[in-house]
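So for the sequence shown, the UniProt record's numbering puts the first residue at 1; every next one is plus one.
In short, the hints are calculated from the structure, not lab data. Be aware that one or more of the hints could be misleading.
[Stated by the list, open to error] FRET-style restraints, in silico, Cβ to Cβ:
1) V112 - K222: 17 to 25 Å
2) I116 - T176: 24 to 32 Å
3) P166 - C81: 15 to 23 Å
4) A118 - S65: 40 to 48 Å
5) E153 - V112: 28 to 36 Å
6) R69 - N241: 55 to 63 Å
Cβ coordinates follow ideal geometry from the N, Cα and C atoms, glycine included.
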Amino acid sequence: MSRAIFKSTLLVGISCSTQLRFTINGASFRACRKSPSSSSSSRVSSMATSERSDAAAASSPSSSSPASRSSASAIDFLTLCHRLKTTKRAGWVKKGVENPESIADHMYRMGVMALIAADIPGVNRDKCIKMAIVHDIAEDGISKLEKSQREQEALEHMCKLLGGGPQAKEIADLWTEYEENTSLEAKVVKDLDKVEMILQALEYENEQGKDLDEFFQSTAGKFQTNIGKAWASEIASRRRNH
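Model the full structure from these sequences, guided by the hints.
See the structure below:
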């Protein structure tokens, strides 16, 4: 008897059935093994679809979730802060300065001042930076007569947008501390406020030929810290020598 020669070939059809082709001594045979039933495939497909849906739902917080509410509050607050970028500082507007700085411009440079200032014993630099960037957050170009009350009301409204959480409390506490001048940090930042103003006045005098002496006179003798006095003295010296 001649030896049988056995070969098999695996074919996968469109119907997903598995076909086996055998060749024995030159004769071809086929056998078919069925794929899982369509109902089983449907169940597997359904389970996969369900898992994908669950994953998508987990990755997309609902509009009523805490994360979504927190995001909405933050964007509402930041949108209100936009006016700080567009509201010009009232003192420069009254003096006819061309293209005067905004409230945000003023607070930004104050923040940089707090960042680069030399260390002062007992003073928290990070707190000074934070205070510098929130001290005028409620300002709206109003007169000094109604400034305190109006700014307090505006601050309360802004903090409500944040849901009254720890961040809102920190902003409110920093603003109050600055207004009441109750800490070393508040005294430093109040001096930086004056220094930034007279530095800006000097720049406008040099750039636009304005006489802004009243801004220098309004701060004379009112600096509370050594760094405030030193920086103000440097600005005054440059003004005299210009």
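Hint-by-hint comparison with the structure:
no. : hint                    : in the structure
1   : V112 - K222: 17 to 25 Å : 22 Å, holds
2   : I116 - T176: 24 to 32 Å : 26 Å, holds
3   : P166 - C81: 15 to 23 Å  : 18 Å, holds
4   : A118 - S65: 40 to 48 Å  : 46 Å, holds
5   : E153 - V112: 28 to 36 Å : 29 Å, holds
6   : R69 - N241: 55 to 63 Å  : 57 Å, holds
Every hint, counting from the list given before, is met by this structure.
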